[in-house]
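Peer 1: Take a look at the letters that make up each chain.
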Amino acid sequence: MSTTAILLLSILALGFLITFQIAKASEYVSILNGEKKSFEQSNKVNAFLMVAFLVLSLIGIWVCHKAYYGRTLLPFPSASDHGEKIDTMMFITIAVCGVVFFITQILLFWFSFRYQYSEKRKAYFYPHNTNWEILWTTVPAIALCVLVGFGLYYWYKITGDAPANAMQVEITGKQFAWVYRYPGKDNVFGKKYFKEINEAEGNELGLIWDDKAAQDDIVTTSAMYIVKDVPVKINIFSRDVIHDVGLPHFRMKMDAVPGTPTTMYFTPKFTTEEMKKITDNPEFEYEIACDQMCGNSHYSMKGIVKVVTKEEFTLWRAGQKPKYVEINSATAKPASGGMADSTGNLKQGLSPTPDSTNKVITRR
Amino acid sequence: MSNEAAMHGHPEVVTTHEAHHDEHHVHHHKETFITKYVFSQDHKMIARQFLISGMVWAVIGGLMSVLFRLQLGYPDESFPWLEDILGRWAQGGKISPENYYALVTMHGTVLVFFVLTGGLSGTFANFLIPLQIGARDMASPFLNMLSYWFFFIASVVMISSLFVQTGPFSGGWTAYPPLSALGDASPGSKVGMDLWITSMALFVVSSLLGGLNYITTILNMRTKGMSMTRLPLTIWALLFTAILGVLSFPVLLSGFILLLFDRHAGTSFFLSDIFLASTQQALPNEGGSAILFQHLFWFLGHPEVYIIILPAMGMVSEILSINSRKPIFGYMAMVGSLFAIAMLAFLVWAHHMFVTGLNPFLGSVFVLLTLLIAIPSAIKVFNWLTTLWKGNIRFTPAMMFAIGFVSLFISGGLTGIFLGNSTLDIHLHDTYFIVAHFHIVMGVAGFFGMFAGIYHWFPKMYGRYLNNTMAYIHFWVTMVGAYLIFWPMHYQGLAGMPRRYLDYSNWESFNQFNDLNKFISTVAMIVFAVQLMFVFNFFYSIFKGRKMNTQNPWGATTLEWTTPIHAGHGNWPGEIPEVHRWAYDYSKDGREFIQQTESVNPNESKH
Numbered sequence: 001m002s003t004t005a006i007l008l009l010s011i012l013a014l015g016f017l018i019t020f021q022i023a024k025a026s027e028y029v030s031i032l033n034g035e036k037k038s039f040e041q042s043n044k045v046n047a048f049l050m051v052a053f054l055v056l057s058l059i060g061i062w063v064c065h066k067a068y069y070g071r072t073l074l075p076f077p078s079a080s081d082h083g084e085k086i087d088t089m090m091f092i093t094i095a096v097c098g099v100v101f102f103i104t105q106i107l108l109f110w111f112s113f114r115y116q117y118s119e120k121r122k123a124y125f126y127p128h129n130t131n132w133e134i135l136w137t138t139v140p141a142i143a144l145c146v147l148v149g150f151g152l153y154y155w156y157k158i159t160g161d162a163p164a165n166a167m168q169v170e171i172t173g174k175q176f177a178w179v180y181r182y183p184g185k186d187n188v189f190g191k192k193y194f195k196e197i198n199e200a201e202g203n204e205l206g207l208i209w210d211d212k213a214a215q216d217d218i219v220t221t222s223a224m225y226i227v228k229d230v231p232v233k234i235n236i237f238s239r240d241v242i243h244d245v246g247l248p249h250f251r252m253k254m255d256a257v258p259g260t261p262t263t264m265y266f267t268p269k270f271t272t273e274e275m276k277k278i279t280d281n282p283e284f285e286y287e288i289a290c291d292q293m294c295g296n297s298h299y300s301m302k303g304i305v306k307v308v309t310k311e312e313f314t315l316w317r318a319g320q321k322p323k324y325v326e327i328n329s330a331t332a333k334p335a336s337g338g339m340a341d342s343t344g345n346l347k348q349g350l351s352p353t354p355d356s357t358n359k360v361i362t363r364r
Numbered sequence: 365m366s367n368e369a370a371m372h373g374h375p376e377v378v379t380t381h382e383a384h385h386d387e388h389h390v391h392h393h394k395e396t397f398i399t400k401y402v403f404s405q406d407h408k409m410i411a412r413q414f415l416i417s418g419m420v421w422a423v424i425g426g427l428m429s430v431l432f433r434l435q436l437g438y439p440d441e442s443f444p445w446l447e448d449i450l451g452r453w454a455q456g457g458k459i460s461p462e463n464y465y466a467l468v469t470m471h472g473t474v475l476v477f478f479v480l481t482g483g484l485s486g487t488f489a490n491f492l493i494p495l496q497i498g499a500r501d502m503a504s505p506f507l508n509m510l511s512y513w514f515f516f517i518a519s520v521v522m523i524s525s526l527f528v529q530t531g532p533f534s535g536g537w538t539a540y541p542p543l544s545a546l547g548d549a550s551p552g553s554k555v556g557m558d559l560w561i562t563s564m565a566l567f568v569v570s571s572l573l574g575g576l577n578y579i580t581t582i583l584n585m586r587t588k589g590m591s592m593t594r595l596p597l598t599i600w601a602l603l604f605t606a607i608l609g610v611l612s613f614p615v616l617l618s619g620f621i622l623l624l625f626d627r628h629a630g631t632s633f634f635l636s637d638i639f640l641a642s643t644q645q646a647l648p649n650e651g652g653s654a655i656l657f658q659h660l661f662w663f664l665g666h667p668e669v670y671i672i673i674l675p676a677m678g679m680v681s682e683i684l685s686i687n688s689r690k691p692i693f694g695y696m697a698m699v700g701s702l703f704a705i706a707m708l709a710f711l712v713w714a715h716h717m718f719v720t721g722l723n724p725f726l727g728s729v730f731v732l733l734t735l736l737i738a739i740p741s742a743i744k745v746f747n748w749l750t751t752l753w754k755g756n757i758r759f760t761p762a763m764m765f766a767i768g769f770v771s772l773f774i775s776g777g778l779t780g781i782f783l784g785n786s787t788l789d790i791h792l793h794d795t796y797f798i799v800a801h802f803h804i805v806m807g808v809a810g811f812f813g814m815f816a817g818i819y820h821w822f823p824k825m826y827g828r829y830l831n832n833t834m835a836y837i838h839f840w841v842t843m844v845g846a847y848l849i850f851w852p853m854h855y856q857g858l859a860g861m862p863r864r865y866l867d868y869s870n871w872e873s874f875n876q877f878n879d880l881n882k883f884i885s886t887v888a889m890i891v892f893a894v895q896l897m898f899v900f901n902f903f904y905s906i907f908k909g910r911k912m913n914t915q916n917p918w919g920a921t922t923l924e925w926t927t928p929i930h931a932g933h934g935n936w937p938g939e940i941p942e943v944h945r946w947a948y949d950y951s952k953d954g955r956e957f958i959q960q961t962e963s964v965n966p967n968e969s970k971h
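Protein chains in written order, with this note's numbering: chain E, 1 to 364; chain Y, 365 to 971.
Heads up, a few of these hints could be off.
Below are the DSS-like pairs computed for lysine-lysine, each with C-alpha atoms no more than 30 Å apart in a straight line [unchecked claim]:
1. Lys122(E) <-> Lys970(Y)
2. Lys754(Y) <-> Lys276(E)
3. Lys37(E) <-> Lys754(Y)
These aren't lab readings, by the way, just hints derived from the structure by calculation.
Throw the hints in and build the complete structure from the sequences for me.
Peer 2: Here it is as structure tokens:
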């Protein structure tokens with residue numbers, strides 16, 4: 001035990017002791033003064049505190065809003081078209097719920113204060129009133145219809161089919177990283193099967209090399225590159241447990257479920273560079289946050305989305321080598337390409353050597 | 365009756381209304397310590413057992429939250445004394461990720477099930493049902509006793525899981541497979557998870573034994589004149605709670621059993637296409653659906669939140685009415701809205717799963733059904749407000765907590781409208797917004813209902829009062845603290861900050877809240893300390909509290925206040941009183957209150 005801990009504990013114990021003594025004493029005082037009198041006194045104090053609590057809370061809400069609203073995502077434009085819809089829906093809901101919140105909370109604490117016990121007052125026997133009850137059944141029902149209506153209108157827009165011209169990207173979650181795949185020149189994702197996964201050989205996704213379509217697929221773990229103003233359809237997979245592709249700046253989120261592919265699509269509106277200016281943060285990145293508890297390093301399962309212009313994307317894409325080529329060029333170069341050091345070779349393989357690209361060895 | 369017979373579960377109490385006049389005037393059998401305090405079949409004692417067990421759990425669960433808030437508030441600092449307490453789980457005074465997730469998981473499991481289900485409805489259903497409907501005990505006192513002891517064994521198993529070498533389960537209280545199914549994916553999913561499932565299965569048994577008993581008792585054992593529409597709202601709420609539990613807990617159990625099969629019997633209910641990095645091996649399982657478990661889980665999981673909140677609503681209705689000295693406004697609407705909430709509870713579970721890849725059309729149906737719940741909730745809130753209106757309010761500690769409950773229910777209920785709308789849920793799902801939402805509406809509001817109940821019925825339980833000064837300090841610190849802790853979390857949620865992260869420093873998007881996290885952690889510790897003061901007040905007052913010397917200290921109309929101050933097993937020494945009116949004749953015809961046992965005067969105004 002450190003001294004601070006002991007100090008804190010003794011302060012706690014002391015505070016506790018003092019409170020207890022006061023509590024005991026006040027009980028004796030109430031017996032001496034008569035229970036009725038002390039009840040009336042404490043009732044007045046508590047009634048006053050009720051309304052004080054209301055006022056201080058309203059001020060507190062304002063202070064909290066001042067302090068933290070700027071740190072949320074809402075003051076900045078959403079980075080995707082779908083996000084704009086979600087933000088609009090958010091403001092509609094905040095407005096409706098905000099009105100209800102202030103009315104009901106103010107009534108609650110005001111009534112508590114206003115109708116505090118008084119010897120003179122007689123409580124009003126008022127067991128029910130059908131008209132009032134109809135009123136507060138129908139008004140919330142109408143308000144909710146509005147919210148459901150807007151909500152579902154946007155929901156169908158967001159979850160609808162991706163446009164035909166959408167760019168296709170695949171993302172796979174594993175403990176505790178993201179792997180991205182692009183379909184290559186043929187624009188078709190090659191077949192994969194989880195039992196083909198072999199990390200030692202660099203086949204993280206279990207691509208089936210016999211499938212021609214798989215041979216030109218690009219697999220990368222560095223970042224997911226997507227293009228500004230081009231709709232992107234993200235095909236989501238998981239390799240082990242449930243993960244979640246959380247994209248707060250695009251306001252999008254979708255689980256990655258082993259055995260069950262999921263998708264989402266959206267159109268990014270600002271490049272990463274533009275977003276750095278918008279948020280006035282030179283360190284800004286579009287981060288992919290895993291939003292589904294996936295194990296002990298869940299909190300560090302981060303991916304990066306790079307939104308770039310069309311030209312930048314073409315350039316980046318030109319520098320990428322298909323995984324098949326990458327693996328085979330790596331294992332082909334040193335003859336002793338055993339299982340044990342194949343990962344080491346893989347690292348060498350990442351730096352492209354012009355003569356090795358065409359060498360292909362057949363898989364076992 | 366011999367102790368032996370009592371031990372073997374022979375019901376000591378004859379519960380029909382005619383056959384018990386004489387034998388209950390005095391304690392007719394000698395009670396030993398064991399039959400009276402341990403294997404008791406008296407519903408009042410079982411209620412107290414549930415309450416005290418629940419409080420022990422609440423302290424444990426709360427302490428866990430203090431520990432992980434320490435990590436969240438001070439991620440860069442180390443606390444050497446933590447190593448003294450937690451050993452290798454906090455090497456160098458820093459909570460390890462395994463331990464962090466174990467603490468979070470256990471905090472959730474313990475508080476949702478063991479405190480706010482077992483501790484809350486276990487206590488008040490047992491205590492209030494026979495007393496308020498006018499019965500000598502539950503329909504089956506023996507099953508009732510078993511219900512407690514299953515709860516107790518479940519507790520022992522859950523506690524024991526904290527001490528296994530690979531640690532307790534650490535995959536979140538929702539226990540989603542495959543994480544919860546595979547020990548190689550997370551050490552907590554090894555033997556810790558087996559113990560977790562065993563404990564939860566025992567808990568379900570306890571809850572079913574209790575629930576069946578509550579339903580049977582309410583439907584069959586009401587005293588003469590106690591028609592369903594004369595029942596206090598507490599009983600209606602407890603009835604719906606029990607129905608929810610009986611119909612939904614078995615589904616959860618089925619999910620757990622399938623999970624157990626997947627873990628040990630090689631089945632593939634929830635497993636498919638899995639390659640584990642830790643073993644570098646692909647599992648043989650194919651064709652299972654991980655999402656199926658979520659359906660089974662949330663089919664209980666959603667009713668579960670109503671299992672927590674309905675008893676609180678019932679008690680709050682009762683306490684608001686008594687202390688406003690006014691009838692509850694719109695009794696039938698209150699019953700109707702409880703019914704509507706209970707029914708809708710079964711039809712909204714998939715709103716927890718909007719981003720699992722659920723068919724968007726199905727999602728939209730669940731949006732509609734989910735937002736419908738706001739209507740009965742609105743009715744309840746406005747009826748509570750109208751109950752206060754033109755009342756003559758006495759701020760007893762119970763009343764304070766009841767008013768606090770309404771405030772929290774409004775705040776947390778409204779954020780439910782955000783989350784129930786799938787469009788917004790895409791953004792808010794699994795962020796701090798949801799943490800704020802359910803802690804306010806289910807966690808703190810559930811606790812406020814429980815505190816209100818404890819302060820209100822403590823005199824009936826122990827024949828003494830809790831200390832008022834400590835009660836008021838308890839209320840105000842908890843009320844202010846709850847808002848200080850959870851209100852700013854909405855802003856963290858609107859920043860997209862994910863829950864269940866123990867360190868945000870590596871994230872450019874979420875590291876702007878370090879000062880706020882520190883603040884929240886500090887307030888959480890203060891609030892926790894005040895809860896300890898409440899626990900102290902509770903145990904101190906059992907033995908040393910101010911004595912209750914009137915039978916009906918709050919001037920209430922219901923039957924429990926017609927029993928003697930220290931009611932024996934059987935509750936009423938003579939005959940069970942007959943009921944002539946509803947439970948809410950307050951301030952009627954110039955009288956402050958008219959007890960349910962008083963016959964109706966022909967000149968009385970109608971309600």
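Peer 1: Determine for every hint whether it applies to the structure shown.
Peer 2: Quick rundown of the hints versus the structure:
{"no.": "1", "hint": "Lys122(E) <-> Lys970(Y)", "result": "18 Å, holds"}
{"no.": "2", "hint": "Lys754(Y) <-> Lys276(E)", "result": "57 Å, violated"}
{"no.": "3", "hint": "Lys37(E) <-> Lys754(Y)", "result": "23 Å, holds"}
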